[in-house]
Each structure stands twice: as C-alpha cells, then as structure tokens.
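Chemist: Spelled out from the first residue to the last, the chains are:
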Amino acid sequence: MLAKGLCAIGACFAVSIGALGGGIGMGIGGKGAFESIARQPEVAGDVRTLLFIVLAFIETLTIYGLLIAFMLFGKIGAI
Amino acid sequence: MYEHVVTQWIIILILALITIPATKNMKVVPRGLQNAWEAIVQWALDFFGGALTEDVAKKWAPLLATFFLFILTSNYLGLLPGAGTISGFVPPTADWNITVTLALIVFFAVHIAGVAENGGLGYLKHFVSPNPAFLPLNLLEEIAHPLSLTIRLFGNIFGHEMIVGFLVLLAPFFIPMPLVALGVLTGLIQALVFTILAASYIASATGEGH
Chain A
266 MLAKGLCAIG ACFAVSIGAL GGGIGMGIGG KGAFESIARQ PEVAGDVRTL
316 LFIVLAFIET LTIYGLLIAF MLFGKIGAI
Chain B
38 MYEHVVTQWI IILILALITI PATKNMKVVP RGLQNAWEAI VQWALDFFGG
88 ALTEDVAKKW APLLATFFLF ILTSNYLGLL PGAGTISGFV PPTADWNITV
138 TLALIVFFAV HIAGVAENGG LGYLKHFVSP NPAFLPLNLL EEIAHPLSLT
188 IRLFGNIFGH EMIVGFLVLL APFFIPMPLV ALGVLTGLIQ ALVFTILAAS
238 YIASATGEGH
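Those protein sequence lines, which keep their order, are chains A and B.
Throughout the first sequence, residue numbering follows my numbering, covering 266 to 344 in sequence.
Throughout the second sequence, residue numbering follows my numbering, covering 38 to 247 in sequence.
Take the hints with a grain of salt, since some may be wrong.
[What the hints assert, rightly or not] Quick list of in silico lysine to any residue cross-link-like pairs, SDA-like style, CA-CA up to 20 Å:
#, chain 1, residue 1, chain 2, residue 2
1, A, K340, B, G196
2, B, K162, B, L172
3, A, K340, B, D132
Rather than coming from a laboratory, the hints here were simulated on the basis of the structure.
Nothing here was measured: the structure is a model prediction, and the numbers come from that model.
Let's have the full structure, built from the sequences with the hints guiding it.
Modeler: In structure tokens form, the structure reads like this:
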C-alpha cells in the first residue's frame, strides 16, 4: 500500500516539476523571439523556424517527465 | 494487436493514392494534382535542404521528405473519428517501436552520409575534432540523438492520445475539442522538428556543422 502511494506521489512530482522548468524555459525563448522580430521584421521567417525548433527541444524534457509518470502510473496496478 | 502495422499499410496506401496519379503523364507545365504535389515536394526540399549543401541535399532530400510526409500523415490519422488508443485504430507513431525504427533509420543515414562524403578516416576524424578531449562527448551524442528523437515523437503523440482518451471518457462531446485542435498543431510541429533534426544531424556529419 505504501508502494502504491509512493508511486502516485512520484508520478505527480515527475509531471509537475518537468512542466515547471519547461514552461519557464519556453517563456524565456519566446521573449527573445518576440523582441528580435520586433527589432527587425525581415528576419521573422528564420526566427519563427528557429523558435519552433528550440521549443521542441525544451518540450522533449517535459515529455520525458510525462513518460516517467505514465510508467509509474502503470506500475500502480501491478504492485 | 497488430493495429500499428495495419495502419502503416493504410498510410502507404494513402500516400501512393496521392502520388501515383500526380506523377502519371507528367507535363512540363503542371496542372491540377501534379501542380499541388509539386508545390508540396518543392517546399519540403527547400525547407529541409536549406541546412545542407547542394549535392548532399540532392542525395538525402528524398529521405527527409519521406520522413516528413509519413510522420505528418501518421500523426493526423490519430485525429480522425474512430481513432484512439482506448478503442479504435491507432496512429503508428503512438507506438515507440515504430518511432525507434525511424530514429534508427536516421542513425544509419547519418553514418552512411558521413562516410560517403568524407571517407572512412575523415569521418572518424570528426569525432576527435576540435579537440581529442571531445571524444566521449561526441560518442554520447551519437547515443543521445536517436534516443531523444524517439522519445520526443512517441511522447508527444502517445501523450496526446492518452489525454484525449481520458477526456472523452470523462466529458464526452465538447471538452476534448480544444485538445484535438492542439493535436493538429502538435502533429505538424513534431513532423517538422523530427525532419529538421535529421537534416541537421546529416549536415553536421558531412562537415557543414561549422
């Protein structure tokens, strides 16, 4: 019973802390993109492409947390 | 049990049904379906070949365009009515066996491209550039790149399926709609990012990364 509870709490923390760091990082990246497009609108196409790539990199780390949560969630029934 | 394999056959059928009529009796001035397909293929070749040099881009552009079209079709199949992990047919990229296969194709393509462009010894030399102390980092990158490609694609699509599946069980008709709309954006971005990263890895292996 203790193991099931710990699995549940671990799953919650995995998603939350992963999403926290990811959100802050994406906010900082978006800020840089907005400011650079506002400064120089000709580079909007290149900056937009680079922004999507950077956001996908950061989102990967959040997805790692989500996958750990799924695995722990599946372990709850098996224990 | 074999839904992923059967859905992959459906994707092959869809892409073939669009491509074969578009490339039959090709005219110099395109009209109709050939025009639309040429626009899509030209956009893909320009976008993904922008990171590579001319001759390398010509050699590897078909693989990159195929990655993009396959992953895009596969992600969007999960948004049709009747799809879902809980009951119904499954988009193949929601299974990590298939995404690890795509990442392994990228892995071998990177090594083959490096050896084809620079020769065996030149390619091994790029592992110890700019400094021999970089060797463990470069070796670790070789493992980390395909792993992150798999988990990124699998996590995004499988997570979307799981969340939409739960919401459909909880609050049926209107609540999952914004998430399905987000799935349209996510599917496009994940296909784009997978292919851009594959192009960037090939570019760095053939010596354009500097």
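Chemist: Against each hint, give a clear statement of whether it holds in the structure.
Modeler: The hints, checked one at a time:
At roughly 17 Å between alpha-carbon atoms, K340(A) and G196(B) fall within 20 Å of each other, so this suggested pair holds. Restraint check for K162(B) and L172(B): the C-alpha separation of about 10 Å stays at or below 20 Å, so the hint holds. A distance of roughly 19 Å separates the Cα atoms of K340(A) and D132(B); the hinted pair therefore holds under the 20 Å criterion.
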